[in-house]
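S.K.: Whole structure, please, built from the sequences with the hints as guidance.
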Amino acid sequence: MKNELKILGVVVVFTAILYWGVEPFAHTQMHKHVDGEHFAYSDLNESTKKGNVENGKTLVMGAGACTGCHGIQAVAHKAPMDAATAVSAYGVNPPDLSTAGGLYSEKFLVNLIENPAHALKVEHKFDVAKGKMHPMSAFYGAGGDKAQEIADMVAFLKSIAPKEISPKNAYMDACGRCHANRYGKLDQLGQTPTFKSETDTLKHKVAVLEYQDKLKAYMGKLPPDLSIIIRARSEHFLETFVENPQSQLEGTSMPRVGLSTQGFEKVKAYLTQTGDPSKTAREKIGPWVLLFTLVFTILAYLWKKSMWKDH
Amino acid sequence: MAHFEKASSITEWLDQRLALTTVKKVIALEYWIPKNINFLWAMGMVLAFTFALLVISGIFLLMYYQPSVDTAFDSVNYTLMSEVGFGWLWRHIHGVAASVVFLVIYIHMFTGIYYGSYKKGREIIWLSGMLLFIVFSAEAFSGYMLPWGQMSYWAGMVITNLFEGFSPDIAGGILNAPGLVEWIRGDYVPGQAFLSRFFMLHVLLLPLVIMALIALHFAALRIPHVNNQDGEEFDYHEAAKLYKEGNTKESKVIPFQPVFLSKDVFVLGVYLIFFFYLVFYHFNFAMDPVNFDPADGLKTPAHIYPEWYFLWSYEILRPFPKDPGLIAFGFAQMAFFLLPFLDKSDTVAPANRRGLFKYWFWIMIVDMIVLTVMGKLPPQGIWNHIGLVAAVVFIALFVALPWVTKNENRA
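In order, the protein sequence lines correspond to chains A and B. For the first sequence, my numbering gives the first residue as 530, with consecutive numbering after it. For the second sequence, my numbering gives the first residue as 17, with consecutive numbering after it.
Among the clues, some could well be false.
[Claimed, not checked] Cross-link-like lysine-lysine pairs, in silico, BS3-like; alpha carbons within 27 Å at most:
| # | chain 1 | residue 1 | chain 2 | residue 2 |
| --- | --- | --- | --- | --- |
| 1 | A | K535 | B | K268 |
| 2 | A | K743 | B | K315 |
| 3 | A | K734 | B | K265 |
| 4 | A | K834 | B | K315 |
| 5 | B | K257 | A | K833 |
| 6 | A | K687 | A | K697 |
| 7 | A | K531 | B | K268 |
| 8 | A | K535 | A | K579 |
| 9 | B | K257 | B | K40 |
| 10 | A | K636 | A | K578 |
| 11 | A | K833 | B | K268 |
| 12 | B | K40 | A | K838 |
| 13 | B | K315 | A | K750 |
| 14 | B | K265 | A | K833 |
| 15 | B | K315 | A | K650 |
| 16 | A | K579 | A | K561 |
[Unchecked claim] Pair by pair, the computed Cβ-Cβ distance ranges are:
| # | chain 1 | residue 1 | chain 2 | residue 2 | range |
| --- | --- | --- | --- | --- | --- |
| 17 | B | F234 | A | V539 | 21 to 31 Å |
| 18 | A | G815 | B | L196 | 40 to 50 Å |
| 19 | A | V735 | B | A318 | 27 to 37 Å |
| 20 | A | G780 | B | L196 | 37 to 47 Å |
| 21 | B | G101 | A | V539 | 33 to 43 Å |
| 22 | A | W549 | B | F234 | 28 to 38 Å |
| 23 | B | F234 | A | G780 | 55 to 65 Å |
| 24 | B | F102 | A | V542 | 31 to 41 Å |
| 25 | B | E99 | A | E652 | 39 to 49 Å |
[Said to hold, decoys possible] Only some residues are given here: those of chain A computed to face chain B with a beta carbon under 8 Å:
| # | residue |
| --- | --- |
| 26 | V542 |
| 27 | T544 |
| 28 | I757 |
| 29 | V818 |
| 30 | L819 |
It should be emphasised that the hints constitute simulated quantities derived from the structure, not laboratory data. Note that the structure is predicted; figures quoted are calculated from it, not measured. Just so it is clear, CB atoms sit at the ideal spot from N, CA and C, and this is done for glycine as well.
M.R.: Here you go:
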């Protein structure tokens with residue numbers, strides 16, 4: 530018995546060293562380490578103003594303001610253009626702002642309104658000096674205290690955001706205009722509909738492809754489908770990448786998303802639903818299977834003991 | 017025609033026709049195993065069981081898997097994982113078993129080396145075991161192609177490239193095989209023809225070969241018998257007689273069933289706790305994240321590496337320039353096969369009681385682990401140097417083995 534344990538010890542130690550070497554250790558050597566900041570966006574300026582919702586509404590909904598490009602379903606304002614037209618006009622489809630106040634960090638929104646290319650960390654792509662303007666124009670003020678006006682607009686967006694945003698909606702609003710998720714049956718135009726006729730199916734497919742072509746031209750390449758990204762990248766990678774794409778992939782055309790911690794958790798929950806759907810079942814069945822093997826082993830041990838008694 | 021009496025029971029009826037009682041005696045009740053063994057002797061059973069798990073889970077996966085470059089990835093990652101009841105469980109069992117089976121193979125193999133169970137009549141056991149290792153490797157590689165992810169595609173590309181042979185300017189180009197790589201792939205790059213043939217190999221041809229080799233491996237045990245912890249040679253007839261007379265304590269043997277089996281099943285139980293822990297809670301090591309990106313021939317992954325069980329031989333290839341690397345790689349594949357013939361000692365005993373071989377064994381184990389770890393690390397700076405040294409040490413160990421073991425006979 531003592532001898533067997535000693536042998537087991539040798540086997541376990543060598544296996545553990547091997548495992549450590551090819552898994553945790555190798556991964557630290559293969560991937561660049563990036564420290565996250567839990568969506569604090571410390572490079573952006575903090576707003577000290579307290580926003581006024583009513584004034585914010587006037588600014589957001591006013592002529593030539595946000596709603597000139599963005600839809601806001603929450604207040605029954607339709608987007609001025611459909612997705613296909615918008616993507617042709619701007620290169621990217623401007624998001625509906627209904628959930629923005631609930632998904633994105635307040636600090637990020639303030640900076641985004643003031644200077645989009647800077648907040649989105651795409652200044653390497655959009656440089657005014659080189660004549661390359663970001664499709665979202667910066668807010669130059671409506672005549673009053675600009676900082677106050679921006680705070681008002683953000684306060685308004687926060688006031689209209691639904692209390693509870695589902696993981697799927699969070700994903701669709703934060704990622705879905707560029708990234709398809711075929712396992713979640715989502716394309717860049719939203720939920721992929723099912724049609725009775727093949728003609729309609731193909732028509733929709735063509736619409737998606739045309740949208741994707743525009744997106745490709747705008748982004749440089751088609752942003753990847755995120756169906757199973759939760760298993761293709763580590764959680765740490767996803768978190769730090771979403772927080773600041775440049776930190777993991779310098780020069781990427783993916784903008785900083787600006788999610789708040791809660792917003793990211795929602796998106797992650799959806800990515801887990803589509804990419805790792807067995808997680809709940811695994812966690813439910815796992816303990817029972819292990820209990821079974823444990824009981825099996827105990828019984829086997831008793832059998833072994835009785836068999837070897839006279840040997 | 018033989019004369020048959022009317023049977024009084026089904027057992028008797030079958031016995032008359034199939035000699036079941038005799039068969040049972042020969043393969044189980046009176047199949048004698050030495051008593052002086054430890055749990056490492058159960059690894060054969062653990063391997064047989066893991067192989068069975070692979071076959072059964074594989075059959076379930078096969079019902080949904082689609083060997084087409086357009087649908088393979090989603091049939092594995094979506095259909096099986098989301099739409100098929102417990103499809104995820106079969107897949108995780110298959111994936112984890114495919115990785116863990118190699119851990120057990122290595123333990124089984126090193127047990128054989130440590131106790132000297134490859135020589136003096138046991139050569140065929142060793143050689144059939146090494147053949148099993150090679151075919152298992154091919155089985156693992158072909159299976160790795162099937163999800164058609166980035167690592168499937170690029171590992172397929174890199175490994176089939178090896179068949180290009182030596183540079184055309186070596187030996188007048190005689191060792192260069194133009195067109196061989198394309199012939200293996202069925203295309204210039206891995207594509208549909210490639211996937212279909214690896215699918216066939218994985219689910220048909222190679223499993224058949226494995227089953228035949230397992231039969232040979234078991235049969236090869238019959239005459240030389242299983243080795244024991246001290247490499248002791250004794251008279252099995254004598255020992256069996258003693259056992260059958262009831263002197264079970266004095267006898268050096270035990271019957272396969274039920275005494276040896278009871279210990280096997282216990283060890284199997286411990287193994288299964290470990291195995292299912294991995295299946296439910298720790299499966300990422302066996303399912304590389306890179307392979308969850310669909311195959312893309314235009315986008316090379318930052319790091320291409322084989323699964324962990326191929327890393328040591330990959331690292332014997334990698335640190336050298338192309339042609340010497342191929343020679344070293346070929347040597348690494350053959351080295352373990354030659355073990356019974358490189359070991360010039362007649363002693364069958366644990367390595368720790370065998371003079372210089374003791375050091376040889378432990379240096380070999382450590383070197384294999386170093387090679388494995390270096391094989392995964394990016395080939396830069398210090399890692400490259402360590403890898404090169406470890407590869408040279410590996411080759412030197414096997415070249416030196418005849419001299420290491422020669423002197424044992426005099427002692």
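S.K.: Next, verify each hint and record whether it holds.
M.R.: Going through the hints against the structure:
Of the pairs offered as hints, the one joining K535(A) and K268(B) holds, with about 23 Å between alpha carbons and a cut-off of 27 Å not exceeded. As the CA atoms of K743(A) and K315(B) are separated by approximately 21 Å, the hinted pair is consistent with the 27 Å bound. For the proposed pair K734(A) and K265(B), the alpha carbon gap of about 78 Å is over 27 Å, so the pair is violated. With a CA separation close to 58 Å, the supplied pair K834(A) and K315(B) exceeds the 27 Å bound.
Using a Cα cut-off of 27 Å, the hinted pair K257(B) and K833(A) holds, with the two alpha carbons roughly 23 Å apart. A hinted pair counts as satisfied when its Cα atoms are at most 27 Å apart, and K687(A) with K697(A) qualifies at roughly 19 Å. A C-alpha spacing of about 20 Å is found between K531(A) and K268(B), which places the hinted pair at or below 27 Å, so the restraint holds. Only pairs whose Cα atoms come within 27 Å are accepted, and K535(A) paired with K579(A) is rejected, the gap being roughly 69 Å.
In summary, the hint linking K257(B) to K40(B) is supported, as the alpha carbons are separated by about 18 Å, within the 27 Å threshold. Among the hinted pairs, K636(A) with K578(A) is consistent with the structure: their alpha-carbon atoms are about 11 Å apart, no more than 27 Å. Distance restraint check for K833(A) and K268(B): the Cα-Cα separation of roughly 18 Å lies within the 27 Å cut-off, and the hinted pair is therefore satisfied. At most 27 Å may separate the alpha-carbon atoms for a hinted pair to count; K40(B) and K838(A) meet this at roughly 24 Å.
Of the supplied pair hints, the one linking K315(B) and K750(A) holds, its CA atoms being roughly 12 Å apart against a limit of 27 Å. Taking the CA atoms of K265(B) and K833(A), the gap is about 16 Å. The hint holds against a cut of 27 Å. Restraint check for K315(B) and K650(A): the C-alpha separation of about 25 Å stays at or below 27 Å, so the hint holds. In summary, the hint linking K579(A) to K561(A) is not supported, as the alpha carbons are separated by about 40 Å, beyond the 27 Å threshold.
At about 27 Å, the CB distance of F234(B) to V539(A) agrees with the hint of 21 to 31 Å. At about 46 Å, the CB distance of G815(A) to L196(B) agrees with the hint of 40 to 50 Å. Against the hinted window of 27 to 37 Å, the Cβ-Cβ separation of V735(A) and A318(B) comes to about 35 Å, which satisfies the hint. Taking the beta carbon of each, G780(A) and L196(B) are about 40 Å apart, inside 37 to 47 Å as hinted.
Against the hinted window of 33 to 43 Å, the Cβ-Cβ separation of G101(B) and V539(A) comes to about 42 Å, which satisfies the hint. Range check, W549(A) to F234(B): Cβ separation about 35 Å, and the 28 to 38 Å hint holds. Taking the beta carbon of each, F234(B) and G780(A) are about 59 Å apart, inside 55 to 65 Å as hinted. The hinted range of 31 to 41 Å is satisfied by F102(B) and V542(A), whose Cβ atoms lie roughly 35 Å apart.
The given range of 39 to 49 Å is respected by E99(B) and E652(A), whose C-beta atoms sit roughly 44 Å from each other. Interface hint at V542(A): violated, since its Cβ lies 11 Å from the closest Cβ of chain B, which is beyond the 8 Å cut-off. Because the smallest distance between the Cβ of T544(A) and any Cβ of chain B comes to about 7 Å, under 8 Å, the interface hint for this residue holds. Below 8 Å, beta-carbon pairs count as interface contacts, and I757(A) has one with chain B at about 5 Å; its hint therefore holds.
Of the supplied interface hints, the one on V818(A) holds, with its beta-carbon coming within about 5 Å of a beta-carbon of chain B, less than 8 Å. Look at L819(A): its Cβ gets to within about 6 Å of chain B, closer than 8 Å, so that hint holds up.
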